[in-house]
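Student: Sequence:
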Amino acid sequence: MIEQDSLEYSFELITPNSTELNYKLTKEYFKEGKFKSEENFFQLEFKQGSKLKNGLVLNPLKWKSQFQITFDNNLVFVKGLVDPSNQFVSQAEINCWNRFITNFKNSLLQRKNLFILNKEFVKTSKKSTLSYISYGIVLTVLLLVIIGFTADYFKLSLSQVVIPSSAITAIVIFLIQRKMNQNKIS
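In this text, residue positions in the sequence shown follow this note's numbering: the first is 740, and each later residue adds one.
Calculated directly from the structure, the hints in this document are not laboratory data. Any given hint might turn out to be false.
[What the hints assert, rightly or not] Distance condition first, Cα-Cα at most 25 Å in a straight line; then the derived DSS-like pairs of lysine-lysine:
#, residue 1, residue 2
1, 894, 775
2, 773, 865
3, 790, 763
4, 790, 858
5, 763, 792
6, 851, 866
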């Protein structure tokens, strides 16, 4: 798990298509992802998500993001920004966004909408996120049970348990980050 300020994408793509076809294919691709769009003369802007919802959705393609795409003959210029709002981002989530961009490029080059190919990466990302959440819950419950039994055995008050509980929460977060980083390397 990496703390990520943003994922930025900036590239230009030369396609075998006319401006009109690139425009149409781009609009279809992002529309299938339920992005909100704004249209200007040979320029599209797509937006998705919000900072508030980022931590509540398991699908990284629903995170706060913005893409500005400009068309000039067979050239497509793309600037994109994904804002995970200082949450911890797994390698599976980064891979999901990278695949989203690759599938977009291939959609233009192959002249067909390949958005459907993102679904498998979203699924993998969701599984990865759920595994980290469940890992954290199991560790937290286990440690809180141990603290509870220890506090009961030694007849400790609630205030004497709060500080160790806070330390345990920090340990759990550290262990989850470590596990995510190990998965990133492997």
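Student: So, against the hints stated earlier in the document, which numbers end up violated here?
Tutor: 1, 3, 5 and 6
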